[in-house]
Amino acid sequence: MITGMNCMIAESAKIGENVSIGNHVCIQEDVVIGDNSIICDGVIICAGSEIGADAYIDFGAIIRENVKLGKHAFVGARCILGEYLMDFIENRDTQKHETVIGDEAIIRSETIIYGANTIGDYFQTGHRVTIREKSRIGRNVRIGTLSDIQGDCEIGNYVNMHSNVHIGMKSTIKNYVWIFPYVVLTNDPNPPSEQLLGVTVEEYAVIATGTVVLPGMTVGQDSLVGAGAIVNKNVNEGKVVVGNPMRELGDVVNIKNKTTGEPCYPWRYHFDRGMPWKGIGFEEWNK
Amino acid sequence: MITGMNCMIAESAKIGENVSIGNHVCIQEDVVIGDNSIICDGVIICAGSEIGADAYIDFGAIIRENVKLGKHAFVGARCILGEYLMDFIENRDTQKHETVIGDEAIIRSETIIYGANTIGDYFQTGHRVTIREKSRIGRNVRIGTLSDIQGDCEIGNYVNMHSNVHIGMKSTIKNYVWIFPYVVLTNDPNPPSEQLLGVTVEEYAVIATGTVVLPGMTVGQDSLVGAGAIVNKNVNEGKVVVGNPMRELGDVVNIKNKTTGEPCYPWRYHFDRGMPWKGIGFEEWNK
Amino acid sequence: MITGMNCMIAESAKIGENVSIGNHVCIQEDVVIGDNSIICDGVIICAGSEIGADAYIDFGAIIRENVKLGKHAFVGARCILGEYLMDFIENRDTQKHETVIGDEAIIRSETIIYGANTIGDYFQTGHRVTIREKSRIGRNVRIGTLSDIQGDCEIGNYVNMHSNVHIGMKSTIKNYVWIFPYVVLTNDPNPPSEQLLGVTVEEYAVIATGTVVLPGMTVGQDSLVGAGAIVNKNVNEGKVVVGNPMRELGDVVNIKNKTTGEPCYPWRYHFDRGMPWKGIGFEEWNK
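Residue numbers (this note's numbering), protein chains in the order written: chain A, -5 to 281; chain B, -5 to 281; chain C, -5 to 281.
You may find that some hints are simply not true.
Heads up, the list lumps identical chains together, so a pair's fine if it works in one copy or across two of them.
To be verified - Derived pair list, reagent style PhoX-like, types lysine-lysine, alpha-carbon separation capped at 25 Å: (1) Lys252 to Lys164; (2) Lys164 to Lys250; (3) Lys128 to Lys90; (4) Lys233 to Lys168; (5) Lys252 to Lys227.
Simulated from the structure, these hints should not be mistaken for lab results.
Construct the entire structure; sequences and hints are all you get.
In structure tokens:
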């Protein structure tokens, strides 16, 4: 272990082999840090957190109590993992909720992830993402810069959210969904009310930029919601919808790429970057 | 007083009884900190600022000069209170503007509040809120994650803004208003111009997700602006409007909850969470 | 040189005359800091970076490797300049890309600017701006709070972007363009696809609040896109467009200010704040 100046490292912390620790670092009681990890200047790791091997924790990141971070994680500068819930603000007691993040995470700088979240392997975020408490997020999920997941959400595997997406509480997003910038999934049918009707987005659906999905709506499998739509009705499987008010344009299978003239939807037959069928094609993989 | 390592605390600072101070904390001249406060690692409190009793100032918060923070405040990690105005950037002199925040504030992490703001009791923010200079904000106001109040605004009491709301300069928001995500109140009628025509939102109005209100428009009392509307005309009292271009749909009193069939507007007769008529009903309270 | 407590300053760093350095500051190998600069508490300046004379680097800013910052810069609290690209995250090697920012920059707090960017003189940002890698940005450009420039963009001189603007990869924004809050320039014609068709915005164009410009579209010179438009066709030179779906309303020269009755477009003949024709008028300046 190499340590910089002015560090405070609790005696009960278990620091692995070949770990490098910068200046002004605080590591509290019972923290575990895996082998070969790099902990940069000003990082704070609170009691009971566990960092897997080969981590890179950049300048000034705050890892609060009871965070379990898998191996080979990159945590960007000034991220906050295990952010306090309301119970801490009220009682100023210890952060009691556990935050679990799988292996191979890339969490870009200034992202805030609350306690009481469970997130799978190969998780990626842009900058300044906010993830409130009590969501379950699958594996290979990517969430773009400034996106805000409001908590109590179910997010599947291989879900891609671009920048500045707002996912209201109680949303359900199934596997292989794409959500583009400035999309909002809402949840209050008569705001302000006590009712929360989350949106459901089915597998392989695509929601393009600037769309608002109204409370309780379902966006069907393989469907495409065009930019700027106000989704005030359910979107049927395999359909294209656009506009404010929303109207159905037809079937996604009829959409052609304007340059090549080739069909491009359902996208799963035409696109494979980052997908489990990469290089083999969806049909072959799906057998 | 308990103090961590490597702190710099000015001799002229007045630290109350039973205050706990973390590591790497800087407290400058003439700072006052009330009894029982907790000041976490890396906090900077600049000259002349006053923190009420029972404060919790989380990791790395920056409280600039001349901030007056009421009692029992929670200031999240890396907030900046009393942020510099343009005069500081130009002159690099001291922050001279006073920032006043009432009692019982909950200011979540990474929020930036400029100098020259006056904010009432029971103020709450989400994360990464930005509040520019010279606004007057009433009591029991809540402003959601990523919202951006551009300055020179009048905001009443019991105003609720959800995440990612943008309030242009010179806006007037009266008491008991609700503004939902991705709403923008604009102010320049012929952009770019030197004219600033702020929006006025009257009491009990509700503006739903993704709405843009054009410069100088008034959103009437008890009215409801549906999601994604482009408000290019005044919204009359008690009316529902939707769409781009905007059209009036009728009276809010005719809106029924789809699940229960019951009327839900004006909301003040049907909803009381966080409101002064909580538990007694609006009509009884209003007598 | 005045230095606070607990600083680490590499011997090979070249610190100019009359430089003031706060507490807990780290200055790495071969850093150059110009005369009369002020480096506040907790700043980290990484190897090989050069800061021009008369800089003010506020609390906790991180200046990574190979940043060249011109003279008289203001860098707000907790900015990150020279942020890591994906190659660093993968290899955890040194940041190798150069970041060049001209003279007289004002970069407000918590802004993140990636490595491999070149930015001209008199650059200004609001708070929490994100600028991804490999863009070329001209002189006198201003980018508002929370805006997100996704990289690989060409941005001319005297471009003004207001708060919360999202500029997709491969966008081209020419000189003297105005973009207002919550505008998104997109780039993927059939999302998700491997095709990137950037938007082009011609000189003197104005794009008002809440507009989405679809992939590959051109917004013509002197044109005006009204608030909330979904730009799914090219916008012709000097035309006004509005709506979802977009429709052309006529010529910008016919727009009158509602208060004064005077024409206000093309704006370059009626507005000069911050422009090179300030005080002399566009026609005189253009000769």
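Hints versus structure:
Taking the closest pair of Cα atoms, Lys252 and Lys164 come within 25 Å of each other only across two copies (18 Å); inside a single copy the shortest separation is 37 Å, beyond that limit. In this assembly of identical chains, Lys164 and Lys250 lie within 25 Å of each other by CA distance solely across copies; the values are 22 Å between and 35 Å within a copy. Only within a single protomer do Lys128 and Lys90 lie at most 25 Å apart by alpha-carbon distance; the minimum there is 13 Å, versus 39 Å between protomers. For a Cα distance limit of 25 Å, the shortest separation of Lys233 from Lys168 inside one copy, 17 Å, qualifies, whereas the shortest one across copies, 37 Å, does not.
Taking CA atoms no more than 25 Å apart as the test, Lys252 paired with Lys227 passes between copies only; the shortest distance there is 13 Å, against 28 Å inside one copy.
In the structure shown, no violation is registered for any of the earlier numbered hints.
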